[in-house]
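So you can see what is in the structure, the chains are spelled out below.
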Amino acid sequence: MSKLDYPKLQETLYHEVLDNGLEVFVLPKLGFTKTYATFTTKYGSIDNRFRPEGQEARSVPDGIAHFLEHKMFEEPEGDVFARFAEQGAAANAFTSFERTSYLFSSAGDPLASLDTLLDFVQNPYFTDENVEKEKGIIVQEINMYKDNADWRVYFGLIESLYEKHPVHIDIAGTEASVRSITKEQLYDCYHTFYHPSNMTLFVVGGVDPQQTLARIRDNQARKTFEKGGSIERLFEEEPARVRESRRVVKLPVSLPKCMIGFKEAGPFPEGEAGIRRELTTKLMLDVLVGASSPVYQRLYDDNLISDSFGHEYNTGPGYAFSVIGGDTRDPDELVRRIGEAIDDAIRDGLPAASFERTRAKKIGGYLRMLNSPEAIAGEFTRYRFKGGDFFDVVRLYESITLDEVEERLRQLGDASMRSVCIVRSDVT
Amino acid sequence: MQTEVFQRGAVGRMRIHVLPTTRFKTFSLSLFAGIPLDESKVTQVALAPFVLRRGTKSYPETIQFRERLDELYGAGFGFDIYKRGDYQVVQFKLDIINDAFVSSSQSLLQEALRFLGEALTSPALEQGAFTAKYVESEKTTVQKRIESIINDKIRYAAERCLEEMCRNEPYRLLALGRKEELPSITPATLYESYRRWLDEAVFDLYVSGDTSLEQVSAWAGQYFDLPAGQPGDYRAAQIRSAAEEPRTVVERLDVGQGKLNLGLRTGIAYTDDNYPDLLVYNGILGAFPHSKLFIHVREKASLAYYASSRLDGHKGLLTIQSGIEIANYEQALRIIREQLEEMRAGHIDEQELSKTKAMLVNQLKEIQDSAFERIAFDYNGIVSGKQRSKEELVAAIEAVTSEKAAAVAAGVGLDTIYFLRDLKEEAAHVQA
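Chains as they are written, first to last, in the working numbering: chain A, 1 to 428; chain B, 1001 to 1432.
Worth flagging that the hints you see were computed from the coordinates, not collected in a lab. Please read all numbers here as calculations on a predicted model, not as lab measurements. Certain hints may be false.
As the list claims (entries may be wrong) - With a cut-off of at most 20 Å between alpha-carbon atoms, the simulated SDA-like pairs for lysine to any residue come out as follows:
#1 B:Lys1025 with A:Gln10
#2 B:Lys1300 with A:Glu141
#3 A:Lys8 with B:Asn1098
#4 B:Lys1144 with A:Ser306
#5 B:Lys1025 with A:Asp392
#6 A:Lys3 with A:Tyr14
#7 A:Lys135 with B:His1296
#8 A:Lys8 with B:Val1102
#9 B:Lys1025 with A:Gly387
#10 A:Lys282 with A:Tyr383
#11 A:Lys223 with A:Gly21
#12 B:Lys1390 with A:Thr33
#13 B:Lys1365 with B:Phe1006
#14 B:Lys1300 with A:Arg233
#15 B:Lys1300 with A:Glu75
#16 B:Lys1390 with B:Ala1376
#17 A:Lys133 with B:Ser1302
#18 A:Lys282 with B:Gly1076
#19 A:Lys386 with A:Gly266
#20 B:Lys1025 with A:Pro7
#21 A:Lys133 with B:Ile1335
#22 A:Lys183 with B:Lys1025
#23 B:Lys1025 with A:Ser306
#24 A:Lys250 with B:Asp1152
#25 B:Lys1025 with A:Gly206
#26 A:Lys133 with A:His70
#27 B:Lys1144 with A:Gly310
#28 B:Lys1300 with A:Ala82
#29 A:Lys250 with B:Ile1150
#30 A:Lys8 with B:Ile1150
Unchecked claim - To give an idea of the interface, some chain A residues facing chain B are shown, with a C-beta separation under 8 Å as derived from the structure:
#31 Ala82
#32 Ala90
#33 Ala93
#34 Leu103
#35 Ser105
#36 Asp109
#37 Val253
#38 Ala360
#39 Ile363
Glycine included, every Cβ here is placed at the ideal spot set by N, Cα and C.
Excised from the complex, chain A in its bound form (with noise of 0.2 Å):
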């Protein structure tokens, strides 16, 4: 067991790596009562093509890795859930491009519901009948979302940027790909996907390090895995071009809902310059049309947009990209007016003072986001996977220069990296 000291953020983060592969952190909170943990493997909607070690290539259905994450919480006695709930714990678990991840929160016995969440997830139990009857209620989930204005905006988005990578399939797939998964499928995943060297468990919370590695030591030792062979993803190559300049979708909606994509070409740095790249953006987008930017505030003014405008960066394997946007009463103007504002920018440079005033405050988000133990588990184990560190981010930010955000502004410029979306009720 390894300790990690953070004087400045007054964290002291244990880290360990089990036999089987395992990566453990534990993240004692004093004086807090409940303890979260999150169980994650590097597995999530964009791995559909891979080729485990030793092993031929393969493709599978849309959909599968939440199809798995839904499925896993069935065992053979029954419902997984009832199990936490006796321990007076919350469970749940989310699929994200690049993640799925198991987790609890619990007030009582957390080592009782550690043991359940590694037992649980490393137990799948799959039959022909659990996985046809799973089927009703993802579809109804798709079904959901479908009518769901700011996921299909976002979603329709992803899509006319992506044509090839994998990031443009809709996490839950299509009713069809869902229909057509089986019971065979889900267990070569799994066993492709959940080998423990794979994983990453995160706890954090009221709990005693030591106590609480010992119980994951000890909850893995009653386990044999086979070996765990390196996994090869396989991405057909994106073209550098964005897929669609413009896509409208047809929903009920009060007012349009509008968003610009800005997709990068590659290559896309990983470590530490994949971290530092993705907080300039970052910071660059809120200096440019952040709520306290001159911009904003003639975009509110002029009432092109509401509270609901945003920006935000997704990067992840292969893939990179900038979104702006919200509602708006004139899609068509808002985007000439935030292409404007780009090519303002990029040929007057951005302040020095709101450079440094924003900074500031993305310091003070990152700070405020300490005291959730959901957001460090979470957050964590993506900046890990990534093969970064979480509780580096504030040298980061103070290291970054005014001179890197304006070289990220600079790749917005490109309008032929541009993709628009738009959900309005009125098309015709």
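Go by the hints and put chain B onto chain A.
Quick look at chain B alone, frame taken from chain A:
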């Protein structure tokens, strides 16, 4: 572990509640202002905080106001408007870093209280009224907010079900007010109503962090320019019983998935001694993944992704919500009503009871680890007129029996069945 308790005081019309703690990296501030929910005031009360966040006396331009927050290490500032019992509550929140973590030359808590006090009581004015351009622009913002409810069909169905169920009482109103009323509001009338609100509302200021009641009271007295007087009190909400026969409302929109929402009245509210029984009732029925609704609607019948019940303890209302295939309406409704009947018949096994109690106790204990949740829990006691400590509530939940939970069912009445569905059948009918 040391027990942290709220220290209480008052400055003029404002009660002060301070939770001294070193567990968090921040100071968390919440200011609650409650006023009886009233059709003639609801829109103006809702609009005022939107205008207040546009500028203050010291930071009259919105951009200055926001830059100031950024300078304070990105202090998180926001507000929310909601209904609690028979009150319309405006809550301002401010979350700011404890100075210990940054190299700040000023006391960030002092600056936070100065900022919040000014935002609430010293707004940017012109000619003795609110700034006209801010009022006009925020009228548009509130209108858009109200209209945008339809964009989220889950929320829309929930609001519509409540509106139908409470159509003869003020609780039908949205906390954001009535959009028809917005055009007639002027900077002068809004300012007048804001001044009256400052005179009439009940104010509670909460601060959690490494500080003391004395320190917060001194700064609050300095920076909050509230009218003189004594703190006000909240009255318990009026609780109605359900209609004799449930009423069914079907609404059609261009949707793919149907939303089935049921509105029920329980006859029990937060102030009642059997409120813990109601919490357990709701837990067994539909609050958790082990609850009857989740098991029967989702796991056994595969009809839905979500099927749950939610309690509004201040008004004694219980709502059930599910997203289903439109053709499965009858089946889903039948299964949901069967679960209500199971509760009434007292068909509650020991497992359901013990799991539900464990989950409720866990939720209450977890509140301790979030400053804002602790504040919200404490304020629930203030706004309902019945203070109940977490320990008391935990003990009361642990004492609930199956019989007590089933006894709650006797008073639970299904009032409204609301179904949001597609346009298809109607279109076919028109063509024929």
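Problem - Violating hint indices (sorted, rising) - result: 9, 14, 22, 23, 30, 33, 34 and 36
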